[in-house]
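**Student:** Starting from the known structure of chain A, fit chain B onto it as the hints suggest.
Keeping their order, the protein sequence lines are chains A and B. So that you can map any letter, position 122 of the first sequence is 296 in my numbering, and since no number is skipped, the others follow by simple counting. So that you can map any letter, position 82 of the second sequence is 256 in my numbering, and since no number is skipped, the others follow by simple counting.
Because the hints were derived from the structure by calculation, they are not lab data. It cannot be assumed that every hint is accurate.
Identical copies look the same in the list; a pair holds intra-copy or inter-copy alike.
[To be verified] Below, a list of computed lysine-lysine pairs in the DSSO-like style, where the Cα atoms sit at most 30 Å apart: (1) 198 to 503; (2) 503 to 428; (3) 223 to 304; (4) 428 to 304; (5) 567 to 497; (6) 198 to 363.
There are 2 protein chains.
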Amino acid sequence: MPLLVMKFGGTSVANTDRIRRAAKRVGREVANGYDVIVIVSAMSGETNKLVGYVEETSQLYDAREYDAVVSSGEQVTAGLMALTLQEMDVPARSWQGWQVPLKTTNAHAAARIVEIPTENIMAKFGEGMKVAVVAGFQGIAPDGRVTTLGRGGSDTTAVAFAAAFEAERCDIYTDVDGVYTTDPRITSKARKLEKVAFEEMLELASLGAKVLQTRSVELAMRYNVRLRVLSSFEEQSDEAGTLICAEEDIVESKAVNGVAASREEAKMTVISVADRPGIAAAIFGPLSEAGVNVDMIVQNISEEGRTDMTFSCPINQVARAEKALNDVKEKGDLNFREIVADTDVAKISVVGIGMRSQSGVAAKMFQTLRDENINIKVIATSEIKISVLVDRKYTELAVQALHDAFELEKA
Amino acid sequence: MPLLVMKFGGTSVANTDRIRRAAKRVGREVANGYDVIVIVSAMSGETNKLVGYVEETSQLYDAREYDAVVSSGEQVTAGLMALTLQEMDVPARSWQGWQVPLKTTNAHAAARIVEIPTENIMAKFGEGMKVAVVAGFQGIAPDGRVTTLGRGGSDTTAVAFAAAFEAERCDIYTDVDGVYTTDPRITSKARKLEKVAFEEMLELASLGAKVLQTRSVELAMRYNVRLRVLSSFEEQSDEAGTLICAEEDIVESKAVNGVAASREEAKMTVISVADRPGIAAAIFGPLSEAGVNVDMIVQNISEEGRTDMTFSCPINQVARAEKALNDVKEKGDLNFREIVADTDVAKISVVGIGMRSQSGVAAKMFQTLRDENINIKVIATSEIKISVLVDRKYTELAVQALHDAFELEKA
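Next up, chain A with everything else stripped away, as it sits in the complex (with noise of 0.2 Å):
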């Protein structure tokens, strides 16, 4: 039997109504001759209310109670979906992570799946189930306790059980209808993509375009998991949404398939430093020790011997890097002038795999910024994709300028 595997988030189970309506989608794919299993989160606003709980409990909570806590809305709407398939006469039951077992490591509140033995389903599947509805989000770690694997894990337990059941598509319904060539808030011109290759997704996903938590897009990659993003909101036909699959499923694809921004960058520059051989360790070694993501990096050009340093990093890493840096200083590893932070800037980036074999990208996209008289403060480039920090007030100016250069609203 041909086995699909079906995630609703939050806004797509938030009360009894909207779990029928996600039960009659599962009962459509049943009737089409699938065994589903459903990985449902929990009602949206559900996992905020108890993550408050645990805040205002403790500020150094035990990340095992917080993971106790935290899984419990998961399981009411697994058990609601199972109840709400019986009553449509679906053969169904419920699952909880330790129940499966979904084993974990113990590393709680961002535990990492080890492994998904696949016996105990598919034995109710050979009795007859049809539908096996699985708590998203939670898993069980080596010593018997509950664990959840980080804000957004239902994506991710959604794509592992794709991977252990050799699922025939994952289709994750969402209250977006797909993934878009940026973000629709930004400009009208914003196209849903039918396909994007894995690679794109988690560029773009990691770049502000929150529809999937990266994560599970980068499993999805390493197990060549089909995923699909749907609406649970719309009807739609089953060429709906966005289907993020393998570069090579892709056909033909565009130089860039998408721009993405985030305001959730920092500039900073380590001013006057002095140009020798390991002083870009000396900088990035202690940032890393202290947690903080450095993403872009941009060394100046060298004067009488000092140069400037500058990278971004997230917004609220800021204090972060500076007292890492501060305190490198103090012990007189490191020699600088002063640090400046910029946080007034958004990183913009085009995407595409399309960019591996077509050149002039780059080009054009500082062209189009210029012709909009934007300044370019920091440049990265990977294969697959170049970034831009500009002033934060050009943030829609460029998108809207970039998606039109590169004529995105076209299929």
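**Tutor:** Only chain B this time, still in chain A's reference frame:
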């Protein structure tokens, strides 16, 4: 190390502030030198909300899924209680039912406890943990699915833990400060009892004094667990609340210790049945099969070979009782003229273990009601209880008169 079980009901853990207040009580017992097992209910209102979801979803629900859903509330408070204790530097951790594991029958939604292995928790006490916080109400069936013990099941969980771990005492913290001679809303003369015998408590609990789940009192009696009921909302001494204990622990007892009133009974009369051997079996056999809880039974004087049979049962079972009797009539197994249901009655009972050794209690009760011109419709007696059915409008008058007559306001 001496061990205590402390159970906190839903109103005592209704939010993080109340959990903190409860945790302080636990901390005090730890400071007194106890290892403590804390049993928690769900936050008040939470279980009703979850049951509501299930009932919205399905009328004839799968009790296994019901259990998966409704057991989630206790998991939340257990984790939060453990975190709160840790925050107070009391070494604590939470357990869910399946982690203990609290083994039950597979009678979902009304499971009975089969076994509570003590090794896991005792091992942690051995490692320096001072408090084990256990989610009440829930357990695990032989097939590995979550079960619940029925509404109010956390009381039963607490007593079962006290028995399994041979606790010195089981303290039930609730929103009342003990067991009273009668409902304080009926007479301000109602007095809190210092001690009540298990047998008395069982009669009082089943008569509508809803302080404790009846099963928990039965269990405490069987294993001789010293149970204490006390308020979690008042500062109190170690002598506070009401101790529920074996008869031997109560030095001297008055004939009557309490007056209970229940408005949840109906009086049913089967009119003109043949007065022949086996007629009681012909009536009460089918009622029992239909799940009707018959309480009091009276057979009227026979006239011309026919008689009337009167019994009482819970008001919400009247329809079921009528159907059961009409069914046997249709099958020809029973002949009667009609069934008359009187739902406008109340059951008034006086309860006391002292009744066993003191005579004249019934006479005094009947005389007291006669003096108030209250007509008695049905009488039933047990070793330690006398109950009568009266018109419902006399409920308060009867309770007040009996409370005065037996001088229950005096210690």
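**Student:** It remains to establish, for every hint, whether it holds in the given structure.
**Tutor:** Consistency of the hints with the structure:
Taking the closest pair of Cα atoms, residue 198 and residue 503 never come within 30 Å of each other, the shortest separation being 62 Å inside a single copy and 46 Å across copies. For the identical chains of this complex, residue 503 and residue 428 are neighbours neither inside a copy (47 Å) nor across copies (83 Å), given an alpha-carbon limit of 30 Å. Proximity of residue 223 and residue 304 under a CA criterion of 30 Å is satisfied inter-copy only: 29 Å between copies versus 33 Å inside one chain copy. Taking the shortest alpha-carbon separations for residue 428 and residue 304, neither the intra-copy value of 41 Å nor the inter-copy value of 64 Å comes in at or below 30 Å.
In this homomeric assembly, residue 567 and residue 497 come within 30 Å of each other (Cα to Cα) only inside a single copy, at 28 Å, whereas the closest approach across copies is 76 Å. With identical chains, the CA atoms of residue 198 and residue 363 are never at most 30 Å apart, being 33 Å at best within one copy and 59 Å at best between copies.
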